[in-house]
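Participant: Read off the chains here:
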Amino acid sequence: MSGHDFHPLIKQLLDGDITLADLPAELHAEGEAALRLLAAVDRTDVSMPAVTWRVMAALERRRRRFLPWLLAPALAIAAALVIWLRPGTPPPSAALVTVRFVLVAPEARQVSLAGTFNQWDPQATPLVRAGTTGVWTATLTLPAGQHQYAFVVDGARWVPDPGAPAVDDGFGRRNSVLTL
Amino acid sequence: MRPRSQAADGEIVRAVLAGDRERYAQLVERYRDRYARYATRMLGSMDAAEDAVQDAFVRAYDQLAQCKDPDKFVGWFFLILRNRCFAERRRNRTSASLEAADGVAAEDRTEGVVETAERRRALQLALLELTPDQREVFVLKHVEGLSYTEIAERLSTSVPSLKMRMHRAYDKLRDELRDHT
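Protein sequence lines, in the order shown, are assigned to chains A and B.
Residue numbers are given in my numbering: position 86 of the first sequence equals residue 86, and the series is strictly consecutive.
Residue numbers are given in my numbering: position 87 of the second sequence equals residue 87, and the series is strictly consecutive.
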């Protein structure tokens with residue numbers, strides 16, 4: 001026991017096994033100081049509301065690699081259509097190309113696109129539901145070249161385009177690839 | 001039939017294992033805050049704690065089939081979170097100190113609470129000087145309010161061994177807080 005150790009009775013006091021009244025008089029001051037230490041313990045509640053969606057989004061991202069087999073039938077028939085403004089004319093290197101993205105997701109409340117063309121911002125490019133058929137579309141004008149993207153369903157479910165090739169992004173996720 | 005929100009842990013675990021993966025969110029919702037404070041006090045940083053809690057839930061999901069008693073999911077999950085917190089402290093021992101101090105420094109500084117706030121800040125920093133084993137038993141007993149018996153059950157260890165750990169923690173804290181007690 002070093003000179004800075006608590007007396008064994010003080011440790012019992014801190015453990016709650018005895019009270020200040022049980023201490024001999026010469027240990028009272030030390031006992032009170034020890035209890036002040038415990039009184040400084042921060043017992044404030046901590047809440048982490050974001051953890052729920054962060055966990056579910058992380059699970060969803062990892063699941064995306066298996067989506068062709070696991071997606072609900074409503075999502076499994078999704079496709080992306082590419083419409084060239086000038087069919088038959090190859091675009092110059094700096095050309096812009098209009099692309100129509102389509103996803104069939106009748107049960108989705110909202111669908112958006114996240115990709116290299118919008119800094120993977122899932123709120124930047126919403127798709128619009130066409131009628132009551134569950135077809136969601138967005139038409140974008142993108143520079144010629146290669147783009148990677150994914151659909152984001154209901155703000156949390158990242159869905160690769162089953163109709164497009166996909167690559168691993170190096171973090172365990174699959175991104176769809178569109179070459180214009 | 002019970003509403004889904006009141007379903008027992010075991011029922012939810014079995015549903016998730018059967019393919020109803022969305023129900024895992026119920027378990028996360030149910031336990032994330034219960035262990036948020038433990039992780040925060042163990043790591044001394046709210047950000048690091050949030051990452052640890054998230055990661056522990058993802059790991060628990062991955063290993064859910066290995067949860068031998070689904071009705072005791074929470075105890076099993078706690079051990080995963082505990083391992084994650086210990087690993088994080090080994091990896092990143094020093095970075096939390098500043099945030100632990102800042103978090104307390106940002107609290108209410110009205111007259112009359114300054115001294116308490118200072119003491120609390122000093123204790124937070126001193127806790128980070130304990131070994132993870134010592135800090136854990138201190139946090140579980142004096143922050144979470146568990147008894148030695150409850151802690152021993154949770155960590156599968158003995159009460160005398162916990163007391164020895166705790167008493168070393170007291171001495172170390174006294175040493176660290178010489179100017180504050």
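You may find that some hints are simply not true.
[Said to hold, decoys possible] Under the rule of at most 30 Å between Cα atoms (straight-line distance), these lysine-lysine pairs were calculated in the DSSO-like manner: (1) B/Lys-172 - A/Lys-11; (2) B/Lys-72 - B/Lys-172; (3) A/Lys-11 - B/Lys-163.
[Unchecked claim] In silico negatives: residues of chain B with every beta carbon more than 12 Å from chain A: (4) Ala-7; (5) Ala-18; (6) Trp-76.
Worth flagging that the hints you see were computed from the coordinates, not collected in a lab.
For glycine and all other residues, C-beta sits at the position ideal for the given N, C-alpha and C.
Participant: Give a verdict on every hint.
Facilitator: Tested hints:
The hinted pair formed by B/Lys-172 and A/Lys-11 meets the criterion: a straight-line CA distance of about 12 Å does not exceed 30 Å. With a CA separation close to 35 Å, the supplied pair B/Lys-72 and B/Lys-172 exceeds the 30 Å bound. With a C-alpha separation of about 9 Å, the suggested pair A/Lys-11 and B/Lys-163 falls inside the 30 Å cut-off, and the hint holds. For B/Ala-7, the condition that its CB be more than 12 Å from all CB atoms of chain A holds, with the nearest at approximately 16 Å.
For B/Ala-18, the requirement that its beta carbon stay farther than 12 Å from each beta carbon of chain A is met, with the minimum near 14 Å. At roughly 16 Å from the closest C-beta of chain A, the C-beta of B/Trp-76 stays outside 12 Å, upholding its exclusion from the interface.
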